[in-house]
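Quick mapping for you: the protein sequence lines, in order, are chains S and E.
Going by UniProt numbering, the first sequence opens with residue 1, and the numbers climb by one from there.
Going by UniProt numbering, the second sequence opens with residue 1, and the numbers climb by one from there.
I should point out that these hints are in silico values taken from the structure, not numbers from a laboratory.
What you are looking at is a predicted structure, and each value in this text was computed from that prediction instead of being measured.
Ideal Cβ positions, reconstructed from N, Cα and C, are used throughout, including at glycine.
There are no misleading hints in this set.
A few chain S residues that face chain E, going by a derived Cβ cut-off under 8 Å, partial list only:
| no. | residue |
| --- | --- |
| 1 | A66 |
| 2 | Q102 |
| 3 | F172 |
| 4 | Y173 |
| 5 | Y177 |
| 6 | G186 |
| 7 | N193 |
| 8 | G194 |
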Amino acid sequence: MSDIPGEARRGRTRRTHPLVRFLIRRILLAVLMAWGITLVTFVLTNLVPGDPVAANLGQRALGDPAIVAQWRAEHGLDKPLWEQYVLHLQGLVHGDLGTSQQSHRPVSQDLAEFVPATLELAGAAILVSLVLGVAFGVIAALRRDRLSDHALRVLSLIGISVPTFWLALVAFYVFFYRLQLTPGSGRVDAALNGAVPAVSGLQTVDALLAGRWDVFSSAVGHLVTPALVLALYTIGLLTRFTRSAVLEVLGQDYVRAARAKGLPGRVILFRYVLRSALVPIITVAGLAFGSLLSGTVLVEAIFAWPGVGQYAYKSATTLDLPAVMGVGLVVGVVYLVINLIVDVLYGVIDPRVRLQ
Amino acid sequence: MATRSQTAAVLLAGALALAACGSGGGSQTPAASGGGGKTLVIDTSFDLKTADPGRTYEPTGLIVGKAVYETLLTFDGADVTKPVPALAESYELSKDGKILTLKLKKGATFADGSPLTADDVVFSLTRVRDMKGTPSFLLDGVEVAKTDDSTITLTSKAPNPALPYILPNPALGILNSKVAKEHGATTDAQDKAEQYLNSASAGSGPYMIESFNVSSQVTLKANPKYYGTKPAYDKVVIRNVEAATQKLNVQRGDSQIALNLSGDQVTGMPATLQVKKTASANVIFLLANQDSAISKTTTNPKFVEAVRKGVDYAGLLELAGEGSAQAPGVIPSQLLGALPADQAAKRDVEGAKAALAASGVSNPTVKLEYPSELTVNGLSFQPLAERIQANLKEVGITVDLQPAPVTTALDNYRNGKEEMGLWYWGPDYPDPSDYLAFLPGKTVGLRAGWKAGAAKEIEAAGDKAATAIGDDARKAAYVDVQTKLNASGPFVPLIQPGQNIVTAASVTGLEYHPVWTVDVADLGVK
Numbered sequence: 001m002s003d004i005p006g007e008a009r010r011g012r013t014r015r016t017h018p019l020v021r022f023l024i025r026r027i028l029l030a031v032l033m034a035w036g037i038t039l040v041t042f043v044l045t046n047l048v049p050g051d052p053v054a055a056n057l058g059q060r061a062l063g064d065p066a067i068v069a070q071w072r073a074e075h076g077l078d079k080p081l082w083e084q085y086v087l088h089l090q091g092l093v094h095g096d097l098g099t100s101q102q103s104h105r106p107v108s109q110d111l112a113e114f115v116p117a118t119l120e121l122a123g124a125a126i127l128v129s130l131v132l133g134v135a136f137g138v139i140a141a142l143r144r145d146r147l148s149d150h151a152l153r154v155l156s157l158i159g160i161s162v163p164t165f166w167l168a169l170v171a172f173y174v175f176f177y178r179l180q181l182t183p184g185s186g187r188v189d190a191a192l193n194g195a196v197p198a199v200s201g202l203q204t205v206d207a208l209l210a211g212r213w214d215v216f217s218s219a220v221g222h223l224v225t226p227a228l229v230l231a232l233y234t235i236g237l238l239t240r241f242t243r244s245a246v247l248e249v250l251g252q253d254y255v256r257a258a259r260a261k262g263l264p265g266r267v268i269l270f271r272y273v274l275r276s277a278l279v280p281i282i283t284v285a286g287l288a289f290g291s292l293l294s295g296t297v298l299v300e301a302i303f304a305w306p307g308v309g310q311y312a313y314k315s316a317t318t319l320d321l322p323a324v325m326g327v328g329l330v331v332g333v334v335y336l337v338i339n340l341i342v343d344v345l346y347g348v349i350d351p352r353v354r355l356q
Numbered sequence: 001m002a003t004r005s006q007t008a009a010v011l012l013a014g015a016l017a018l019a020a021c022g023s024g025g026g027s028q029t030p031a032a033s034g035g036g037g038k039t040l041v042i043d044t045s046f047d048l049k050t051a052d053p054g055r056t057y058e059p060t061g062l063i064v065g066k067a068v069y070e071t072l073l074t075f076d077g078a079d080v081t082k083p084v085p086a087l088a089e090s091y092e093l094s095k096d097g098k099i100l101t102l103k104l105k106k107g108a109t110f111a112d113g114s115p116l117t118a119d120d121v122v123f124s125l126t127r128v129r130d131m132k133g134t135p136s137f138l139l140d141g142v143e144v145a146k147t148d149d150s151t152i153t154l155t156s157k158a159p160n161p162a163l164p165y166i167l168p169n170p171a172l173g174i175l176n177s178k179v180a181k182e183h184g185a186t187t188d189a190q191d192k193a194e195q196y197l198n199s200a201s202a203g204s205g206p207y208m209i210e211s212f213n214v215s216s217q218v219t220l221k222a223n224p225k226y227y228g229t230k231p232a233y234d235k236v237v238i239r240n241v242e243a244a245t246q247k248l249n250v251q252r253g254d255s256q257i258a259l260n261l262s263g264d265q266v267t268g269m270p271a272t273l274q275v276k277k278t279a280s281a282n283v284i285f286l287l288a289n290q291d292s293a294i295s296k297t298t299t300n301p302k303f304v305e306a307v308r309k310g311v312d313y314a315g316l317l318e319l320a321g322e323g324s325a326q327a328p329g330v331i332p333s334q335l336l337g338a339l340p341a342d343q344a345a346k347r348d349v350e351g352a353k354a355a356l357a358a359s360g361v362s363n364p365t366v367k368l369e370y371p372s373e374l375t376v377n378g379l380s381f382q383p384l385a386e387r388i389q390a391n392l393k394e395v396g397i398t399v400d401l402q403p404a405p406v407t408t409a410l411d412n413y414r415n416g417k418e419e420m421g422l423w424y425w426g427p428d429y430p431d432p433s434d435y436l437a438f439l440p441g442k443t444v445g446l447r448a449g450w451k452a453g454a455a456k457e458i459e460a461a462g463d464k465a466a467t468a469i470g471d472d473a474r475k476a477a478y479v480d481v482q483t484k485l486n487a488s489g490p491f492v493p494l495i496q497p498g499q500n501i502v503t504a505a506s507v508t509g510l511e512y513h514p515v516w517t518v519d520v521a522d523l524g525v526k
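The following block holds chain E by itself, in its conformation from the complex (with noise of 0.2 Å):
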């Protein structure tokens, strides 16, 4: 047997071993805790893939774009019906809504000092156009040119009211086109200036990049040339962490800002955070299939009034939690000619079960598809779906759910195969015009089944609204298609998810974007 000695020492040894490993543990503080600190840290679950404007489509690249690039045009705060200038200091809409001129401000300079001129203008936009990148489609048949060397005009075959409103998106930033092209920048699929754009700003934004990792930080440093009004933070960490680790750093102080907490989450919160509370632009909505080869059920149009009576849209609120909406309409309420809340369906059970007997359809059975994983804003599709049908159950129509992980579950989505299912849409630029995606043959209408054609009187009211131009004519026209949609087309809108911010008490000025979600740049410190 070993001796007494022999057992003390190999315990001694593993308390070293501990103890080794434990040291520094403690004496850690947290960066930037508290307020007044010239860093700010922002968790969020990363969505990123580049810091090349040309290239971005994703929540958080937008985050890195927009603080490190300047658009010809921006939106003041949260406010996404009116374009301001930003880079143009004016902009003009020919009567047709053809051609937009903007004159561009003076003085603007990029991070390297050398001054933004109409040149970079052309070279950036074309660039983004012709790269074929995934924002490609936001100047699709757009042509760029420079009257002089502060004009620059925006051409287009059809009329493009929505122009002003898709030139703020951070993808249109406008590069340092020398420094771009020394780099591998051309405005052809050829582009190889991603890797540098990756390492380094050729912005002329209140930021610059310092590092940038997709999988796990980017951190940006305040362009020490900037023109405009300075930064407040020198620095801006943001970091990849999961929602439920995102609560507790910045309840500890660890970091200033979380950006993914669900509506469970934010409840219960210290009131050393503030919390804002805001209903996302994103709109979940069921589609009901309308191509007869799929099912002779979802075609019949009286069983989809039976869906959008029968759904308890109330109940579906309760479970998205703090922040969410119900959603009106396709078009989400920030945008201009989002409907009114007074117009959102609202739950008659009888009426849906008289439209069932109307249908002529007894006892049906539907599938429903959806992403099983994915989730919107914190909210899983998950309990969605369950709810929903639990909510057709009551109404007589038997809900099977079909999850599949969203890789999967896109496909046939995409090729309009789904009997029924749960989606959502974000919009790729806060303009009514992206919604027309739902009408017949185009891109989410075809998911639907819905070909060209099918419904003559609503497809004439969105080839109204896409010519309309004035806010106000706009505006109607919206209003008018998604009336239409609403009573006879195939998709139910249900809600907005809740966009909720939680931010320490030292950080001022944070209002959320549907299209950068946050404005580095604009925040203060108390």
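Just chain S, with the same shape it has in the complex (with noise of 0.2 Å):
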């Protein structure tokens, strides 16, 4: 803040506000980067031993040249390697992510499907983990070396060194099977599967949307225990990081500052620690996302949910090219949205940034 008042908004309208032009550089950047995806996905397909062809076609097709040769050309994959990335690029742009080899489907008709269920459970996943995650930590820090800190510590070093795929089948069967908890496989019990019409792609949200309590309790049911099994480790790892952010912060000249000049505790804390704390957290957050959306493979498989995960499975085991590119292509532009929104936020609460 400028000490001369005016001087600010004077400034501001001769140039662009700094955090516009940093928006503006940012994104610049994202679009590069997701360019710089396309072809690394592109690449790292078609660099994969073995034939799609093999992978696709029955026993008995592959003997006949005429179908293996149709197929071939159905899929462009007789024309020249940079012609095909060419022809790839145009689609894209025009918002086509090719076909896929398994579905005969569009793939970007394919991934409205499944990314949805994959946001549901990652989005369920990262809520419960901020905020468990940084409620933990807080505690933690303000309790310092007291049991509770002990046993939070603990509990974060559980989290964080437990496979997760590991966790999925012990939780399943002993909530779903042994206490019978909580429901079983998929987003919503089998025969209310489709009861409402997907809009958002967010069952829980659809449901809501169409009225449909048992639907919507249903989806929040089969929700739960995935994503609490998805949260754990970020919730582990996220309780760390608050936990030294907060040590950090509290240790500050001027927090003792506000102390000594007999601020409440709770002003203190929300105002002076926590806001100083968050970039870190921020920071933490946005690369536990990253990490959700890569344990979602393992807990999909064995919730049954029909995610993206394990789309990007299927895909890769049956050499679905157009598939896989898709996928890479979703996942590396979610990373770059969530860095972009990491680095926005870092903006915001903190001017000395956009200056960079």
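Join the two chains into one complex using the hints; note that each chain is given alone, in its own frame.
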């Protein structure tokens, strides 16, 4: 903030706001990186040894050169690699991700079906992680070296070190099979599947939009265990980072000064400590979301969750190249968007960042 | 330092968040649990691409196809040795085996109520053949014609006694040609009807497609206009579920059928569940390459004999678990012309050592390639390969294991580059003629480097079998082919892994079928 009233405003009229310039720069960078992602996914998927024809046609169809040739032509595999990439890019510009060799549908249509399922799961997990992870971290820091601090630190260590797929298996077995507390596989009960029209693709939101409470409660019930399983790692991570960030801020002179001035503890915590600790927390949360996306592959398999993880696995094992590239692009773009959000949040929280 | 009340507030916030997330979790009851439900839930590991019958060739797709479309002929229960009438009330194969005449049954209607005609049959079968989809080869060289409103003739250039066994394949289901054409169906490669057929049914079967998702779930609903016996379940949900989860789901009552449990997984099932254990129609075999450019060792007939005598078949069966059976020949036990079980090879370590000595190859080392992550009926290839390696070690053969992901391994296998290979063959259709692919110069024969002309006697036996007409003559001919193959061919048939299907006590009438696994319309409620 400027000491002279009005000066900051005058400065703004002459030039674009630093935050806007910062945003434009970041978005341009993101577009450039998105192009980089298309190149990397294309090169990597085409470097895989193995022939997609063998993976996609039956044993007998492979014996018929006419069928094999037609299949290759149909999927553009008879063209040189550079031409395939140019065609791929041209398609992308028009929002066309190609046609899946597995489902024979546009990859974009497949992704539109599977991505929301994963986002719903990962979104629920990140919400739980943020609330619990930050809360636990703050508690641990405030009660440093006391019993609750030790307990939370052990818990976070467990959360970080337990493999997610193992936890998913155990949670499914214990809560669904043994205790019979949670419903089974999928996003809703088998009989309710497709009961509400897909508007957002998020089962919980769509159920609310359709006013179907039975579908909503079924969807939430199905979401609980996989989301908690996924969240455990990020809760552990956030607890640790929040704790150390809060402890560092608590040791700063300005906090001590505030405390000496006799400000209430609540004010100190929320206005001084948490605000300063927020930058490292956001960094970790952004990274954690990335790990959530990769963690969903196995969790989705165990809970029969029809998300992009399952789609990616199936595409990779059947060498469905357009689908693999589509998944790579979407996951890459999600990372980019999260990084963009994190960067923008830095800019909002800490004005010094905008000038860099 | 923070006050106690702040700590409490933060804790409370956390607890509230947890509670909010947890709501609804405990109140769920599994869908259609127990007996008497009108919804049937089937869990299976999806192998599914499409619901368009003309493009279907994957196990899950065939379950859907069987329920939604009807074929001219079918099989009664699990018996695949005799095709029986379905849409055709009778059929007759000409003496030379080239012309199959089928009389259409009267009164069959499609799901939209319109009658099923001879024109629909001609259109559907021609479409499958000329669209060049995966199942096109089923009707290669077969001309489809209508002689009158209720008679269809299928004419083949060469004698084709397998045709009645091919026709029950759900890929040859009859489409409502009017509806299909309206949605882009054509009888050439330009066909565009698949998208439509993935969302709706244009068939005459007992079920219709309610929703279709290739990687998560397919929902079928009973066809209200079905002219035949109404199925017992109003709704059938087929879900994509991993084997480990399938087991828990069916035990808990969340599903009524689990299709993909391995022999290990079905041991110790509670008495409240029914376990159907049958040998699958998949035959796992070893191949020894006959191309001397690939190997000097495996081309030696005495070496192959040593392998054949050196494998511990009983040990492999133990590994494969319940329901599995030794494969006496390449043709699985369910099919016409299968070798009787007592003709299966037996382990003979001394005989194997003698054969190896007679081969003149001392201390041979061979590479064994196989798909490392592939499982057939829940059985993985890795432990099988390791067991074979140990068996042959005792004989004096060193096996160098070369596992590779299936998509990579397939390349070498298809191109005939493997010195030794461990693979399986599932029937494309339940007729022994499908196994002529193992002869010299044919699909699988070439994969073993076995070129046409390499074994005149076996090839002559194969030609005879291909043209034999009549069940008895065909049976004898195929037994002869396999006996000769076992004596001097490059293949060592190993086992048929078990297909274990677990069902709730309430489900009746389940039969394992080698082509469509399970016919959902046959299932009843106790």
